[in-house]
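Trainee: Read top to bottom, the protein sequences are chains Y and F.
Each residue of the first sequence is one higher than the one before, starting from 1 at the first, in our numbering.
Each residue of the second sequence is one higher than the one before, starting from 1 at the first, in our numbering.
Everything labelled a hint here was simulated from the structure, so no lab data went into it.
Warning: the hint list may mix true and false statements.
To be verified - Reference excerpt, derived from the structure (chain Y facing chain F, CB under 7 Å, subset only):
#  : residue
1  : Tyr64
2  : Ser65
3  : Gly66
4  : Val93
5  : Pro129
6  : Gln133
7  : Leu134
8  : Phe157
9  : Ala161
10 : Ile181
Built from N, CA and C at the ideal position, the CB exists for glycine as well.
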Amino acid sequence: MISPHGVATAARSPQSQEERTAWEVASRVVDPELPMLTLLDLGVLRDVAVDEDGGVVAAITPTYSGCPAMATMRDDLVRELQAAGFADVRVRVVLEPAWTTDWITAEGRAALTRAGISAPGRVRRTSGPMALQLMPTRRAIRCPRCGAEDVELTSEFGSTACKAMYRCTVCLEPFDHVKEI
Amino acid sequence: MTDIHTHAEDAHDNAYAGLLVNDAHWAFGTSFEDPLAGVDTTIPEGVDGAALAAYCLMLGDDALVLSQRLTEWCSRAPDLEEDIALANIALDLLGQARLLLARAAAADPAVVPALDAASPVPDEDRLAFFRDDMGFRNVRLAEIPNGDFAQTIARILLFSTWRLALFERLRSSRDGVLAAVAAKGVKEMAYHRDFAGRWFVTLARGTEESRRRLVDGLDAIWPLWSECFETHDVERAVAGAGVGVDPADVNADVEAVLGQVLATASIERPERGALAGVQGRKGRDGRHTEALSPMLAEMQVIARAHPEGLW
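Work the whole structure out from these sequences, hints included.
Mentor: The structure is reproduced here in structure tokens:
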């Protein structure tokens with residue numbers, strides 16, 4: 001399901017025309033809190049399978065443990081797939097491997113920037129204990145509006161669990177940054 | 001369901017349109033869902049389901065109770081950024097609690113409080129809202145009142161450093177659900193710890209007043225710190241079975257990280273003895289401080305008033 005580059009891709013190529021159709025429908029469903037992104041671009045949609053009886057099982061994974069949007073995502077997927085003619089639709093939760101911002105696709109990153117949200121950088125992987133960081137988090141990011149590199153962190157937490165808040169010191173606009181996890 | 005709102009219609013024009021078209025979109029669950037839907041909850045071979053459930057309640061209650069405490073800061077923090085930060089930390093912990101309580105219910109349905117057969121309340125909500133204080137298994141560090149902002153920061157630092165160390169080891173649990181919850185939680189706890197660590201140093205090096213408050217805050221919670229490393233029989237059993245972590249095993253790692261923060265902040269470890277239990281029984285045994293019961297009363301009152309309610 002995860003390519004070597006850490007980008008979300010389909011687990012396997014669709015096994016049938018029906019499965020291809022189901023994938024296409026599910027791939028168009030957008031995130032409730034970041035509606036410029038599809039669940040696929042966000043890396044939250046992990047699989048779509050159609051069984052022999054035509055039942056669809058879609059798999060989604062939460063961004064954060066407390067993600068309050070899971071029920072809405074499920075409802076949106078069920079509704080769109082049913083509208084496309086699939087009568088039996090179920091959505092299952094996948095907890096492992098844990099979601100990472102590295103799964104946000106290139107299209108997803110471009111869509112975030114167009115919407116004025118700074119896309120996450122690559123996650124630095126550590127295998128051992130998480131090292132203590134007492135200095136402010138340094139991220140090489142640009143203002144999504146004017147492109148300036150001269151930005152400052154205003155808060156490590158933002159309007160949703162996945163974002164931090166920044167301010168551009170050139171164009172003076174505040175903006176959200178999707179934090180790396 | 002007719003007249004369903006779709007995001008595409010208003011995503012780039014009117015931010016308020018969605019509020020008016022479909023209220024269900026914003027309600028907290030027009031229907032509940034199993035947070036472990038489709039997840040394999042088979043108990044690993046050789047593991048006692050009752051012990052696994054008891055352990056999940058411990059870890060879940062730690063998160064639930066501190067989450068509720070931190071939520072008390074909503075609209076009361078020193079500034080808007082910190083208000084949002086504390087609420088975000090509380091939300092992460094609530095998410096962890098939900099998964100862990102659901103895992104406890106799946107491992108041993110006997111732990112779930114019984115309600116009327118018609119009640120649609122899901123298992124994890126029954127555990128959160130329909131147990132009394134003596135049924136909670138959290139460490140007492142999680143339950144004491146917040147104190148001021150400095151004391152709150154000191155508690156988040158201690159709690160997240162400790163829980164991060166537990167979760168780092170729990171990632172290799174033989175129980176797939178616990179391993180997955182821990183792998184996800186590690187990222188969240190590291191973020192909380194670093195946030196609290198930065199504020200700890202800022203307050204320590206700030207003004208005379210901020211330093212005084214921090215020292216007092218750390219002093220106030222210190223008697224509850226050693227309890228976090230005492231091994232309960234349940235923890236010994238699940239650690240032995242390869243599904244849990246003995247908290248005594250993370251003591252040295254946790255103290256090393258805490259030592260880094262204290263050194264940077266030039267703050268000494270308080271010299272205060274441990275808070276005694278009730279005949280040796282403490283939070284993990286369901287024996288709590290007097291602060292837990294009023295907190296639970298506030299947290300549970302709505303759910304208990306409507307045991308057949310759908311949230």
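Trainee: Next, verify each hint and record whether it holds.
Mentor: Results of checking the hints against the structure:
no.: 1; hint: Tyr64; result: holds (6 Å)
no.: 2; hint: Ser65; result: holds (3 Å)
no.: 3; hint: Gly66; result: holds (3 Å)
no.: 4; hint: Val93; result: holds (5 Å)
no.: 5; hint: Pro129; result: holds (6 Å)
no.: 6; hint: Gln133; result: holds (5 Å)
no.: 7; hint: Leu134; result: holds (5 Å)
no.: 8; hint: Phe157; result: holds (4 Å)
no.: 9; hint: Ala161; result: holds (6 Å)
no.: 10; hint: Ile181; result: holds (5 Å)
Violated hints for the displayed structure: none, as all numbered hints are satisfied.
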